[in-house]
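Chains as they are written, first to last, in the working numbering: chain A, 1 to 402; chain B, 1 to 234.
It is worth saying that the hints were derived from the structure and are not from the lab.
What you are looking at is a predicted structure, and each value in this text was computed from that prediction instead of being measured.
A portion of the hints provided could be inaccurate.
When the alpha-carbon atoms are kept at most 25 Å apart in a straight line, the in silico DSS-like pairs for lysine-lysine are as follows [to be verified]:
no.	chain 1	residue 1	chain 2	residue 2
1	A	3	A	18
2	A	148	A	92
3	A	51	A	269
4	B	123	A	3
5	A	3	B	84
6	B	123	B	84
A few chain A residues that face chain B, going by a derived Cβ cut-off under 7 Å, partial list only [what the hints assert, rightly or not]:
no.	residue
7	4
8	5
9	7
10	15
11	16
12	18
13	318
14	320
Cβ coordinates follow ideal geometry from the N, Cα and C atoms, glycine included.
Residues per chain are reported as follows:
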Amino acid sequence: MNKMRLISHSAGMMGRHKLRTGFMMIGSFIGVAALTLVVSVGLAAERELLKLAHQMFGESSLMIIDGGGHMMGGPRNPGTRLKIDDLEAIAKQVPEVESWDPQQGLTTSVRRGDLADTAQVLGESDRSEHVWGRSAVQGAYFDDAAVKSSERVALIGQTVVNQLFGNEEPMGAEIQIGSVPFRVVGILEPWGTDPHGMDRDNEIVVPISTLMRRLTNADTITGAKLLVAPSAQEDQMVKPIETILRERHGLAANQPNDFSILTASEVRKVMAAIKRILSLYLPMVAAISLLAGGIVSASLMVASVNERAGEIGLRRAVGARTGDIRLQFLIETAATTVAGGVAGILLGYVLARMGATKMHLGPVAPWSAALLGILASFVVGLAAGLLPARRAARMSPVDALR
Amino acid sequence: MIELNGIAKTYTQPDGKSVNALIDVSLQIDDGEFVAIVGTSGSGKSTLMNILGLLDVPSAGSYRLRGQDTAGLAAGAQAQWRNKQIGFVFQTFHLLPRTSALENVELPLLYSDRSSIRGLGRKALESVGLGDRISHRPSELSGGQQQRVAIARALVNEPDLLLADEPTGNLDRQSANEVMAIFQGLNRSGRTIVLVTHDAEIANHCQRIARMERGRIVADARVTEPKIALQEAQ
């Protein structure tokens with residue numbers, strides 16, 4: 001009963017010393033702002049990475065990319081050896097491969113009358129929709145016959161629609177890719193921006209045969225995505241595919257691969273490394289800044305205890321027990337750090353939103369970060385209050401009143 | 001009320017020397033007395049006051065308060081005694097800054113186990129003539145008014161014993177007179193008051209004067225005709 005009186009009294013006292021309270025709040029304010037920022041950006045980045053991995057691999061698939069070496073880190077050997085024939089051979093010899101789609105692309109100018117855009121043009125097969133999981137929201141993908149006869153048909157992304165058509169109807173219209181006229185047969189499902197900042201809606205999909213013959217004049221492809229049976233172990237398929245490709249490319253035993261095989265598990269490894277940075281090291285840095293804030297609060301509070309010796313002595317004289325004094329100083333430190341923490345959450349959230357918008361990470365969910373921030377500032381506040389509270393409680397009333 | 005027997009207090013200074021602040025002090029104060037303890041600074045009167053107020057413990061001797069030996073009291077029990085039985089008034093008022101007169105007066109109630117505290121602070125302020133100043137802050141009050149707030153704070157838990165350490169030391173003549181008038185009024189209504197001062201004029205308002213020198217009580221006599229402090233209109 002009278003503990004509640006003491007608690008509300010202590011809270012009221014802090015409002016009367018705005019400067020002191022303000023300085024004490026700054027430490028946890030900055031610390032929690034940093035913590036909220038990195039945790040919420042980290043979570044958003046992680047979610048975006050998972051989304052990307054899902055877009056790339058779906059449930060069970062692997063990718064073959066022209067050129068050897070590693071995907072992440074280390075130089076890649078240049079290679080222009082991968083051909084559609086290679087993929088056909090793999091599909092024929094490896095029974096687990098259910099479907100596959102070759103890919104070749106270039107970035108070039110696209111025009112319609114006076115309107116122009118620079119877009120990523122991807123050559124793909126009629127199986128593209130199934131393999132990549134990206135459908136057409138209007139019209140439809142070209143069929144096998146269109147690929148065989150190298151038809152000049154194109155599916156365009158929403159950004160391309162906006163750039164070249166505005167409010168006009170794109171379906172059936174003619175556009176020029178490079179100097180080659182194509183007919184628009186479909187609009188691609190919106191795909192958003194990938195973590196590299198690439199606008200995936202600024203893409204055009206055309207039959208790969210048309211692209212190779214008319215636009216790139218090359219017989220090699222940059223890569224292919226293979227869908228495998230859900231029951232198949234992707235990692236165990238790497239070896240046979242490697243053998244087929246090495247044989248077809250005529251590589252001697254001592255020569256390195258001139259292609260790369262990327263499985264979901266390999267991507268998971270990279271993602272785990274990124275996740276470690278996002279969810280461990282960055283919050284650790286933020287936690288250190290929160291710790292520094294706690295030390296600032298503690299030292300300010302110790303100074304405040306010395307300065308308020310008279311007040312402490314008086315409270316003892318009018319009946320405060322050592323426990324009452326300890327409680328008061330604990331409450332003061334904890335309440336200021338939590339208040340600073342709450343303000344820090346708001347700042348951290350605003351910064352996280354700004355950062356996420358700049359990095360195309362989509363919305364940030366502040367709740368888990370906010371909860372962590374409040375919890376952390378409460379713990380830091382209690383810890384920071386322990387020493388000053390002990391010191392205040394141990395002060396002899398006679399000395400304090402002198 | 002108060003029974004001191006052979007009280008001694010010895011401090012050890014940081015350089016290792018020990019100082020005898022009180023030497024063999026015996027003193028008996030009955031219920032309803034108004035006693036001044038006088039002496040020069042360093043004579044031990046403040047140390048005696050701290051022991052009387054259970055803020056300090058004697059090195060030797062016994063102190064019985066209301067018949068109870070205080071040596072056996074735990075720290076928590078001592079705090080409860082200070083809260084309920086003893087009211088303190090200090091030379092420098094010790095009011096919390098930026099805090100209203102009423103909240104200052106209510107401070108001892110924070111540490112009391114009373115279930116209802118409503119109206120007690122206001123009543124105490126009215127009893128020292130400050131009923132119209134309850135929301136003023138210390139910085140908005142004169143020295144005399146601040147000391148009266150401090151007296152109201154000492155009274156709020158209705159203790160029987162008031163201990164005042166140089167209560168008029170920081171006040172002008174008129175304010176000092178007002179404060180003494182309040183003390184005399186409180187004494188008339190039955191409270192026991194022990195007041196430390198170095199001012200003979202102030203001491204003459206009390207019924208009895210104990211003089212201290214170098215840690216000992218050297219004189220203890222009744223005042224034949226105590227001065228009456230008149231409560232003047234504000």
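Q. Which numbered hints turn out to be false for this structure?
A. 7, 9, 10 and 12
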